[in-house]
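A.B. asks: Chains as they are written, first to last, in my numbering: chain S, 7 to 807; chain A, -11 to 346.
If you're looking for bench data, these hints aren't it; they were derived computationally from the structure. It is possible that some hints are incorrect.
Restricting the straight-line Cα-Cα distance to at most 25 Å, the calculated cross-link-like pairs of lysine to aspartate or glutamate (DMTMM-like) are [as the list claims (entries may be wrong)]:
1) S:Lys291 <-> A:Glu136
2) S:Lys195 <-> S:Glu241
3) S:Lys46 <-> A:Glu136
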Amino acid sequence: MKFTLNWLRDHLDTTADAAALSRALTDVGLEVESINDRGKALAAFRVAHVLDAKRHPEADRLQVCMVDTGDGVPVQVVCGAPNARAGLKVVFAPPGTYVPGSDITLKKTKIRGVESAGMLCSARELELGEDHDGIIELPADAPIGASAAQVLGVDDPVFDVAITPNRADCLGVHGIARDLAAAGVGHLKPLTHSAAKSTFTSPVNVTLSLAGAESACSVFAGRTIKGVKNRPSPEWLQSRLKAIGLRPISALVDITNYLTFDRARPLHVFDSDTLTGHLVVRLAKPGETLEALNGKSYELTGTETVIADDDGVLSLGGVVGGTSSGCTEGTVNVFVESALFDPVRTAETGRKHAIESDARYRFERAVDPATVLPGLDEATRLIIEICGGEPSQTVIAGRVPEGHKTVPFRPSRVMALGGAPIPENEALSILERLGFVAKPGSDRLEIAVPTWRSDVHGEPDIVEEILRVKGYAVIPAVPLSTSGGLPAVVETVPQRRRRDAKRALAGRGMMEAVTFSFMDENAARLFGFSDERLKLANPISAELSVMRPSIVPNLAAAAARNAARGFGDVALFEVGPIYGASPADPTGSQRLVAAGVRAGKTGPRHWADRPRDVDVFDAKADALGVLAALGVPAANVQTVAEAPPWFHPGRSGSLRMGPQATLAHFGELHPRVARALDVPTPIVAFEINLDALPQPKKTKRGAFQPSPLQPVERDFAFVVDDKVTADAIVRAAKLADRALIDDVSVFDVYAGGAMGEGKKSVAIAVRVQPRDATLTDAEIEALAQKIVAAVTKATGATLRS
Amino acid sequence: MDDLEQLKSELLRAVTDADTLDQLESIRVAALGRKGRITDQMKTLGTLSADERKARGAALNVLKDEIAAALDARKAAFESARLEARLAEERVDVTLSTRSEREGRIHPISQTMDELLAIFGAMGFTLAEGPDIEDDFHNFTALNIPPEHPARQMHDTFYLPPGADGTPRLLRTHTSPVQIRAMMASPPPHRIIALGRTYRCDSDMTHTPMFHQIEGLVIERNVHMGHLKGCLAEFVRAFFGIENVPLRFRPSFFPFTEPSAEMDIGCSRSGGELKIGEGSDWLEILGCGMVHPNVLSNCGVDPNEWQGFAFGMGVERITMLKHGIPDLRTFFEADLRWLRHYGFAALDVPSLAAGLAR
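Just chain S, with the same shape it has in the complex (with noise of 0.2 Å):
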């Protein structure tokens, strides 16, 4: 919302200035985005007088112009636009202006020779305007010296307020000078209107004709003026217009438009003559069409409030006007409409046809109902001023709302609630001078709330108009109570275990990412998405258009990006939603997973230690490494080399918990993945279904009983079928013998040369732990026997001799 001081003083006596003015403005909630202060940028720029104009002697489209600016001695300024002609009153800058609109200093100068001391300017130097066809011409009678931006009527400081969807009111300048006087900033002058006197019944009727709908427009006041001539708008309206960002078109148009601003009262005017038969309000017809005045055409749905005649539709209430009832140049007699119409429908038209405009606006949050009378005899004054014309008498159809609305108010809530301890006294001025009224009620007030005010309907918007008022300021900060004990704890487990997965994760040397949770469709569809219910409607882009299915494809990709610029050795983690159903939760749409990816190398190349690629093994220690983190017991998480398609099918593989909880994956990315994604390989991946982990035992620890006896190590290489897992392998050896086994691990894996086709050999270290004595000789080879045959049995091993 816009609007300039002086306007803002038409409706506020007041002395503040600019800067206080702006503060009030905030603290009462109406917050200042900007002030523009022309007068003082443009202050170096004056009236002068063009005494004489001759053209340059060496260059035909310029001429040599003899200024007189008032300083007594007249000065030659070379100027090329071609309307610089003696006696006309010009906008001159001497040297020294920062001229805005060409971002320059002006420096005295000599051009082609002849020398120059200052310029006359256009319109676009001044940023008044597009104009740079030639300079300004100032009105004959603008005294030489005086400030041009005062002559040209722009010296007004303009405001830019933002208003909050629920103060409709203040989307007039009235209003805002209504807040501002209730705060103490000089007083709110009465709005004067005098009720046109009319000397006949306007030809043109209205009905309204809503049956089921009539809560669309529930009053359409409008009269009649004839004779009128329609002309550019008075300067002083022009110049207010432009200063808002508004386009002067003719003064019919152009004071429908102030009064939008001024009074929050959107109004339209038709052009009577171009009318066939009488105005109907109702609902559009599904099909219909009208050519808007924002030249664009729109076919009608039926939910639409339209104004219509015999021939069709005119405008769509409160929205935008239509052409061929507009006013031009030869209109002569003209309707004024001064209606009412439902925020809700005015919003659904508005929306549904994209328009916005400045009427819609203020209709969708609500126009002050008591503004449909006394804004119409605004209009018709000042059209009658400007344009002259006779008035009929007003046509009204449907009834101005009552709007006596009562709100209960116990003045003791403002400290209750609001914490703000204002007296009562103070409390009821400052309702009244917002317009509120208090009458005693039983054991509280009722207070009367202002027609202008529909966004008021409880005790809590009373002690909001009041604290506001009285500022926010005057509320003492009070500490927030606690228990008096410790604090409970803050966390669940699963909003732990998010927060440790991170930090163990950029323990393991990760970079922790936060992507998007949204990605390419296609590359989704690579990572399995196919729920068509997790695409967006209104996607930003199509590179975000649906639910992310995985982490590991936006990881990807920022592990492309990162080895373009020169980073291909990556390590990057994210802990985060994926949406869509799991087999473990079929109905669900959101799980939380901790995925990370490495690329390229190791490590740098280094003088000791050879990197080496990116491996599987790299992504399962990670997934391992969250896992051990986040208290799951390593020993009862088994590998399974079963995993999802994304993955290299012979790399890859699971983390499971019994046969039902699949914990995490990891693999190498399937290297057709991989292309599709334009990423470089090598690059592994996990994802760990943080939702999945079981919760943690509360399980008390037994004594510390260290063995005194020392453990023995035995090594055993059994040849083994190609496809058998060295986890079958490890299991069978540690199943051989439960109390003596502790340890069972793979040193060593061979396979090819003299293993022959589709063998391989694997060596495994196992640790034994006696228990009550240490072990014979005898003992322990009877325990190598139980182990091969343990393996043997379980795998079809042969121990290697």
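Given the coordinates of chain S, assemble chain A onto it according to the supplied hints.
C.D. replies: Only chain A this time, still in chain S's reference frame:
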């Protein structure tokens, strides 16, 4: 007994002259071995008279010990020299780089969230959660934003296909639906924060389609706007680590709070550098207010009995302010250089006990 003196000096000279451990060993064998010269002398003791035997025996023992000690000393010297030589040979260039270890980083968003958790946890808040994919009811309707309310246009909402029952599904535009879920899940009082991803259909220099918010909700019997101010003042002091940051509460509008406010913190922008806590400028950092009675009613909470406040702010925004990060969009680019520059070490776990920052 001159012969023993003679023998001693001979043997000692031999020890001194020895150049290798092998030579020393042969000297030892020649002197003290089974057939060594001293051993031989020992063997002759039996032929002597008791007195002579006693005196000569003692002298031989002394000689034997002296020779053994000389051999040991010489041997130790050899070994020491050999060790010195080995050590000299084993010298490495310690200025060479160590085997590389990767240094991981925590994203600034995570770090800020951990800080917020520490601060509000100490004030008795617990962490609540809700889904990113919300319905119309939780994101708007329950928050007193009816379908045609202009405030819905303040939220550029991402929509998903409607649910089976036709209800609009959307990506939450703020963390406020978590308030609704918390209040509907259990009876008051409530003191919760919610942290998480939020989405708006907006992308330019200062907006990204996804960002993070923190939401706070306190519902008690007697909590009022003064407590809201007190709570947020404590937060600002703890989060920015600056005492007496000027705070300004401005009236504003949110459909779900009444009265509503926006909070600004004092700052200066002189020389293009933003400094929190000094100067005459203001910087908006959050929206807040007293929970609207309609919101309480929508959640089955009696507004005549309970009241409270709520606040919400952008996690990236306060992170940018705290650490001077200039561009919002860089948060989501996963640029390793940026993460290394603005990220935090794994062990930088914020706690009030240790201080929020190192």
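A.B. asks: Does each hint hold? Answer for all of them.
C.D. replies: We went through each hint and held it up to the structure:
1. S:Lys291 <-> A:Glu136: 22 Å, holds
2. S:Lys195 <-> S:Glu241: Within the cut-off at roughly 23 Å; holds.
3. S:Lys46 <-> A:Glu136: Cα-Cα ~43 Å, so violated.
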